[in-house]
Structure formats: C-alpha cells, structure tokens
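Taken in sequence, the protein lines are chains A and B. Going by the working numbering, the first sequence opens with residue 135, and the numbers climb by one from there. Going by the working numbering, the second sequence opens with residue 10, and the numbers climb by one from there.
Any given hint could be a false lead.
[To be verified] Sample of chain B residues at the chain A side, in silico, Cβ under 10 Å:
1. 46
2. 53
3. 59
4. 61
5. 62
6. 73
7. 74
8. 100
9. 102
10. 116
[What the hints assert, rightly or not] No farther apart than 27 Å at their CA atoms in a straight line, the calculated lysine-lysine pairs in the BS3-like style are these:
11. 137(A) <-> 87(B)
12. 33(B) <-> 113(B)
13. 33(B) <-> 77(B)
14. 137(A) <-> 113(B)
15. 233(A) <-> 203(A)
16. 87(B) <-> 33(B)
17. 77(B) <-> 113(B)
18. 203(A) <-> 238(A)
19. 238(A) <-> 137(A)
20. 137(A) <-> 33(B)
21. 87(B) <-> 77(B)
22. 33(B) <-> 233(A)
23. 203(A) <-> 137(A)
24. 203(A) <-> 33(B)
25. 137(A) <-> 233(A)
26. 87(B) <-> 203(A)
27. 137(A) <-> 77(B)
Derived from the structure by calculation, the hints contain no laboratory data. Cβ coordinates follow ideal geometry from the N, Cα and C atoms, glycine included.
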Amino acid sequence: DAKTTQPNSMESNEEEPVHLPCNHSTISGTDYIHWYRQLPSQGPEYVIHGLTSNVNNRMASLAIAEDRKSSTLILHRATLRDAAVYYCILRTRGGSNYKLTFGKGTLLTVNP
Amino acid sequence: DAGVIQSPRHEVTEMGQEVTLRCKPISGHNSLFWYRQTMMRGLELLIYFNNNVPIDDSGMPEDRFSAKMPNASFSTLKIQPSEPRDSAVYFCASSLRLAGGYSKVLTFGAGSRLTVL
Numbered sequence: 135d136a137k138t139t140q141p142n143s144m145e146s147n148e149e150e151p152v153h154l155p156c157n158h159s160t161i162s163g164t165d166y167i168h169w170y171r172q173l174p175s176q177g178p179e180y181v182i183h184g185l186t187s188n189v190n191n192r193m194a195s196l197a198i199a200e201d202r203k204s205s206t207l208i209l210h211r212a213t214l215r216d217a218a219v220y221y222c223i224l225r226t227r228g229g230s231n232y233k234l235t236f237g238k239g240t241l242l243t244v245n246p
Numbered sequence: 010d011a012g013v014i015q016s017p018r019h020e021v022t023e024m025g026q027e028v029t030l031r032c033k034p035i036s037g038h039n040s041l042f043w044y045r046q047t048m049m050r051g052l053e054l055l056i057y058f059n060n061n062v063p064i065d066d067s068g069m070p071e072d073r074f075s076a077k078m079p080n081a082s083f084s085t086l087k088i089q090p091s092e093p094r095d096s097a098v099y100f101c102a103s104s105l106r107l108a109g110g111y112s113k114v115l116t117f118g119a120g121s122r123l124t125v126l
C-alpha cells in the first residue's frame with residue numbers, strides 16, 4: 135500500500151483556520167485520498183475524500199496538489215470539538231480497496 | 010439511523026476467560042470490519058466480511074480469535090482464552106460495497122474497551 139506521512143501533532147486556536155498536511159509521494163493513479171478523524175474515546179469518522187480536484191463538504195475542504203503527491207485538509211474555523219487525531223489514508227479503487235490502513239495520524243490540539 | 014452499535018462498551022475479565030464482542034452494522038450495509046486499537050500498534054484491521062462471508066482474516070492474530078457473521082445484522086468477535094496482551098479497544102465498522110467493487114466510506118461504532126487482567 136502507498137504510504138502517507140503526516141506531522142505527529144499540530145496546534146491551533148479556536149475560530150482560526152487549520153491546515154493539516156499529508157505527503158503521499160508514491161500515490162498511484164487509482165488511489166483516492168481519504169481523511170478520517172478520531173475524537174477522544176470515539177471511533178474514527180469519515181471527513182472527506184478526493185481523487186484529483188479540490189473537494190468541499192460541510193466539515194472541511196481538501197486541497198490536492200497538482201502532482202497529487204501531497205494534500206491538505208482545511209478546517210476553516212477550528213472549534214474545540216475539532217480536537218482529534220486526523221488520519222490521511224490512500225485507498226485504491228477496485229481490488230483490495232475495502233481496506234483502510236491507518237497510520238499514526240496528526241493529533242490536533244485546539245486552544246480556546 | 011442508530012449507526013453501528015457495539016456491545017459491551019467496556020469489559021474487564023481475567024486471563025483465560027472467554028470474551029465475546031458484538032456488533033450490529035448499519036442496515037443496508039453489506040461489508041463489516043473488525044479493527045483493534047492499541048497505543049503500540051494503532052488501528053489494525055482484524056477481519057473483513059462481505060455479504061456475511063469472511064473475505065480477509067489475515068489480521069486475526071492467532072487461533073484464539075474467531076469472528077462470525079451469521080446474518081446481515083449481527084457479528085461477533087470471540088477471544089478464547091483471553092490474555093492480558095489482548096487488552097485493547099475493538100472497533101466494528103460497516104460500509105456499502107457496490108457491485109462494481111467500489112466500497113463507500115466506513116462508519117465506525119463507538120468501540121468495546123477490553124481489559125484482560
């Protein structure tokens with residue numbers, strides 16, 4: 135499986151935007167970029183995913199580099215509830231794409 | 010929609026005892042996953058079912074672990090006998106796998122925290 139690299143931790147202030155980076159230099163053409171997050175004492179939850187174009191939903195935005203070797207999850211206005219571990223995961227289309235292989239993720243701390 | 014329901018939420022047992030964890034997936038989902046999370050190893054996929062059939066059990070650590078899915082609305086993960094190193098949070102997740110082989114996003118349950126003394 136293609137690997138992703140994320141910072142171990144990041145810190146933000148409430149009401150400010152947060153940009154969470156992810157490097158995936160070995161991404162293949164059939165790999166989708168997925169983001170999940172895990173709030174304290176909860177199971178992971180889906181945030182957003184994309185292939186080539188930038189994506190927006192009610193939770194976040196996903197900015198994908200033109201060469202697809204990196205991406206950034208953007209939380210437009212962080213709240214205390216956004217404090218979580220954020221996982222960037224590559225998921226191939228077809229074949230064994232049922233699998234989500236989680237790395238260590240980025241622990242986001244949001245300061246009041 | 011109640012989401013993925015797991016029970017028990019917490020289980021404390023003694024080494025050697027049998028442990029059974031239960032999962033009810035989201036209605037209409039045809040794929041079910043069991044994951045385990047520890048501080049040392051993070052989130053690991055243990056087993057994956059599609060249409061109630063085990064497809065990939067390569068993550069099951071050893072014969073002490075077994076999982077079943079007797080119908081589309083229920084799955085169990087059993088550990089017999091349990092050992093202290095099995096202490097972890099066990100998550101069940103479900104999703105919808107389409108006919109073309111594309112799987113939609115996973116929805117996770119709240120987890121079952123197991124402590125084996």
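Among all the numbered hints in the text so far, which are the ones the structure does not match?
-> Going through the list in order, the structure violates hints 4, 5, 6, 7, 11, 20, 24, 26, 27 and respects the others.
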